[in-house]
Amino acid sequence: MIFLKRTPLAWLNLIHDRWKFLTSLAGVGFAVLLMFLFTGFMNALYDSQLQLLERLNGDIIMVNRLKSNMFVPIAFARRRLDQVRAYAGVSDAYALYISEANWKNPITQRTRPVRVLAFNPADPVLPLPAVLQQRDRLQRLNTALIDTKARAELGPTTAGVITELAEREVRIVGTFTLGTDFASGNGNLIMSDQNFLRYFANRGPDEAQRSFATADVGLIKVAPGTAIEPLVAVLQQEIPNDVLILPRDGPDGFVQRERAYWEENTNIGFVFSLLTGMGFVVGIILVYQILYTDVADHWSEYATLKAMGYRNSFLFWVVIQEALILSTLGFIPGFLVGGLLYGVTGNITGLLFRMTLGRVVTLYVMTYIMCFISGAIAVRKVQAADPAEVFGL
Amino acid sequence: MSAATPTALAPAVAIRQLNYYFGRGDLRKQVLYDIDLHLPPGQIVIMTGPSGSGKTTLLTLIGALRSVQSGSLQVLGQEIAGLGKHKLVEVRRNIGFIFQAHNLFASLTACQNVEMAVELQGQFHSKRAQAVQMLEQVGLGDRVDYKPGSLSGGQKQRVAIARALVNSPRLILADEPTAALDKKSGRDVVTLMQHLVKEQDCTILMVTHDNRILDVADRIINLVDGSLESDENLETFVATHDPKALDRRMFIL
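In order, the protein sequence lines correspond to chains A and B. Quick note: the first sequence, position 301, residue 301 per this note's numbering, numbers continuous. Quick note: the second sequence, position 157, residue 157 per this note's numbering, numbers continuous.
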């Protein structure tokens with residue numbers, strides 16, 4: 001390999017001034033960090049909308065046709081679920097009841113809206129380990145589990161808290177971990193369907209009366225070995241169309257529909273893409289400055305190389321190598337600090353910050369393109385270096 | 001001698017009726033007029049002349065750093081008038097360049113700077129050995145792994161010379177190689193070049209204003225306003241440029 005035998009000019013030029021090299025890396029790292037933060041917020045806002053849906057234990061989801069997103073509190077007739085049970089391939093169907101209610105912070109006594117998720121504790125509706133372990137406790141009167149990722153406004157999120165929910169006493173008998181989204185208010189509570197009726201069956205003239213006749217989200221389990229798509233098609237055909245039946249996953253699934261709703265109806269994508277783009281441009285300018293300074297400082301040396309018989313393509317390669325080194329080594333601190341800030345921000349907001357491999361790779365590729373563009377601009381200076389001008393300097 | 005003779009006997013540089021212009025259109029200005037010059041192998045030729053006389057232009061033309069516009073210019077037996085940029089680069093690989101500034105990479109050691117020249121010949125296996133041997137010849141055997149920052153001005157220029165000579169070029173073009181050096185370093189550098197040139201039997205064309213080093217020249221050519229005014233050997237040059245002689249002529253005028 002000729003590449004390895006050559007004097008590593010790009011690398012040696014970069015590290016010649018250690019402090020300058022470190023500040024250069026810090027600069028690239030900062031641009032990477034900006035991109036990580038902005039894409040992180042964007043993805044967190046989207047991912048958070050889906051974290052409940054992705055954990056629901058159903059292969060097929062049924063909701064009221066008018067429920068265009070989880071924010072809309074419209075229920076459907078629960079007998080539709082019972083109808084579905086009759087079809088071959090359906091192994092079970094569960095109802096999830098959802099309502100918003102006021103929670104009184106036991107410390108400050110201020111009320112805050114929370115979302116209550118209710119289901120029959122005997123059914124594995126939300127099979128989080130903490131929920132499965134504590135479902136016996138839910139059968140007691142006026143009890144609930146609280147999300148440890150609820151926002152701080154709710155007060156302490158621990159078992160033993162006794163406060164008011166929808167103006168009735170509630171006792172927290174355990175915790176689980178889920179996270180907040182746009183529709184969850186300040187946090188999630190889980191209770192049994194029996195307790196749900198106690199709180200929400202008759203809240204007064206201004207509030208909807210809830211009963212087991214309606215459910216908010218229906219979860220349909222498919223028998224092992226059954227293809228989901230054909231079953232969904234059959235159900236869509238034969239169940240009255242006041243309900244919407246979708247597979248949970250997949251490109252046409254319920255989770256994707258929810259994500260598409262938030263993508264199409266909010267400015268999240270635009271705003272954070274714009275900010276990410278700004279980070280990208282800041283990075284290009286920074287790296288360009290670094291590379292341009294290197295080229296300008298070594299102008300007569302590069303021109304001498306050309307006089308000696310090196311071609312433009314060699315000098316181009318040197319500058320591109322420098323860009324590559326900067327993008328790779330600058331990415332690491334940006335990635336590490338970004339990961340740290342994801343954790344901290346996630347804890348404060350309750351949003352879901354996910355650092356997936358795909359996202360890391362995407363950002364690395366963006367960093368590389370960023371440095372490559374800078375290098376391609378800076379390299380024009382080297383290519384314009386006229387070796388004839390080194391004479392007589 | 002003609003281009004048909006074998007390369008070994010061919011002149012290192014053969015110039016016939018070379019004209020050169022800067023600029024275009026109305027701004028076109030001729031800087032070299034009908035230059036005829038033959039440099040046989042093994043000579044040290046010093047080119048003098050006032051600034052603006054076209055010395056540097058002539059040097060860069062011979063060094064294949066500019067394209068020849070009219071006339072004939074043969075370097076090491078090869079006609080370079082009409083060659084494309086790509087070919088000119090290949091011609092340059094057979095020429096050693098020494099500049100007024102050393103132009104060494106501060107980030108590379110003396111040895112690595114010299115190795116950059118060896119790599120042009122594709123000799124990656126022996127590059128270190130060749131570079132070290134060359135540095136030893138210029139008296140820097142104990143400074144091989146020093147960076148230019150910790151070398152003196154004379155030592156840096158010697159590294160630059162080692163870089164120019166390591167591929168044993170048959171033509172060396174030097175532009176004021178001693179201008180940035182003190183008297184002793186300048187003398188050392190020139191003696192070294194003289195010594196190495198005799199050893200490798202190559203031709204040196206050197207532009208200089210430094211009167212202290214004229215004595216190494218086999219031949220001195222004087223360029224004034226783009227024309228070759230005189231082309232003489234050292235003794236004649238000294239005689240015609242004798243301060244006393246000059247004084248006498250000025251007195252007559």
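Simulated from the structure, these hints should not be mistaken for laboratory data. Accuracy of the hints is not assured; some may be wrong.
Taking lysine to aspartate or glutamate and the EDC-like style, the derived pairs with C-alpha atoms no more than 20 Å apart in a straight line are [unchecked claim]:
1. K29(B) / E389(A)
2. K221(A) / D82(A)
3. K85(B) / D297(A)
4. K85(B) / D386(A)
5. K67(A) / D242(A)
6. K184(B) / D210(B)
7. K147(B) / D17(A)
8. K198(B) / D218(B)
9. K147(B) / E136(B)
10. K104(A) / E169(A)
11. K67(A) / E389(A)
12. K67(A) / D297(A)
13. K198(B) / D188(B)
14. K67(A) / E100(A)
15. K5(A) / D145(B)
16. K104(A) / E54(A)
17. K147(B) / D297(A)
18. K221(A) / E54(A)
19. K184(B) / D215(B)
20. K87(B) / D17(A)
21. K221(A) / D249(A)
22. K29(B) / D225(B)
23. K183(B) / D215(B)
24. K5(A) / E119(B)
Some chain A residues flagged as far from chain B (calculated, every beta-carbon gap over 12 Å) [as the list claims (entries may be wrong)]:
25. R137
26. F182
27. A208
Even glycine gets a Cβ: it sits at the ideal position worked out from N, Cα and C.
Results of checking the hints against the structure:
This hinted pair checks out: K29(B) and E389(A) have alpha carbons roughly 18 Å apart, not beyond 20 Å. For the hint linking K221(A) to D82(A), the alpha-carbon distance of about 13 Å falls within 20 Å, and the restraint holds. For the proposed pair K85(B) and D297(A), the alpha carbon gap of about 26 Å is over 20 Å, so the pair is violated. The hinted pair formed by K85(B) and D386(A) meets the criterion: a straight-line CA distance of about 12 Å does not exceed 20 Å.
Between K67(A) and D242(A), the direct Cα distance comes to roughly 10 Å. Compliance with the 20 Å bound is thereby established for this hinted pair. A distance of roughly 13 Å separates the Cα atoms of K184(B) and D210(B); the hinted pair therefore holds under the 20 Å criterion. Proposed proximity of K147(B) and D17(A) is supported: the alpha carbons are some 13 Å apart, at most 20 Å. For a cut-off of 20 Å, the pair hint linking K198(B) to D218(B) stands: about 12 Å separates their Cα positions.
With a C-alpha separation of about 16 Å, the suggested pairing of K147(B) with E136(B) holds against the 20 Å cut-off. Distance hint between K104(A) and E169(A) is fulfilled; the C-alpha atoms sit about 10 Å from each other, no more than 20 Å. Restraint check: the Cα-Cα separation between K67(A) and E389(A) comes to about 73 Å, which exceeds 20 Å; the hinted pair is violated. For the given pair, K67(A) sits about 64 Å from D297(A) by alpha-carbon distance, which is inconsistent with the 20 Å threshold.
This hinted pair checks out: K198(B) and D188(B) have alpha carbons roughly 15 Å apart, not beyond 20 Å. For the suggested pair K67(A) and E100(A), the alpha carbons sit about 15 Å apart, so the restraint of at most 20 Å is met. Taken as a hint, the K5(A) and D145(B) pair is honoured in the structure, with Cα atoms around 18 Å apart against an allowance of 20 Å. For the proposed pair K104(A) and E54(A), the alpha carbon gap of about 29 Å is over 20 Å, so the pair is violated.
A C-alpha spacing of about 17 Å is found between K147(B) and D297(A), which places the hinted pair at or below 20 Å, so the restraint holds. Restraint check for K221(A) and E54(A): satisfied, since their Cα atoms lie roughly 14 Å apart, inside the 20 Å limit. Proposed proximity of K184(B) and D215(B) is supported: the alpha carbons are some 15 Å apart, at most 20 Å. About 37 Å separates the Cα atoms of K87(B) and D17(A), which puts this hinted pair outside 20 Å; it is violated.
Of the pairs offered as hints, the one joining K221(A) and D249(A) holds, with about 13 Å between alpha carbons and a cut-off of 20 Å not exceeded. Only pairs whose Cα atoms come within 20 Å are accepted, and K29(B) paired with D225(B) is accepted, the gap being roughly 12 Å. At most 20 Å may separate the alpha-carbon atoms for a hinted pair to count; K183(B) and D215(B) meet this at roughly 14 Å. Between K5(A) and E119(B), the direct Cα distance comes to roughly 9 Å. Compliance with the 20 Å bound is thereby established for this hinted pair.
Interface exclusion of R137(A) from chain B stands, the closest Cβ pair being 69 Å apart, more than 12 Å. A cut-off of 12 Å between C-beta atoms confirms that F182(A) is not in contact with chain B; the least separation is 54 Å. Residue-level check passed: A208(A) sits 74 Å from the nearest beta carbon of chain B, beyond 12 Å.
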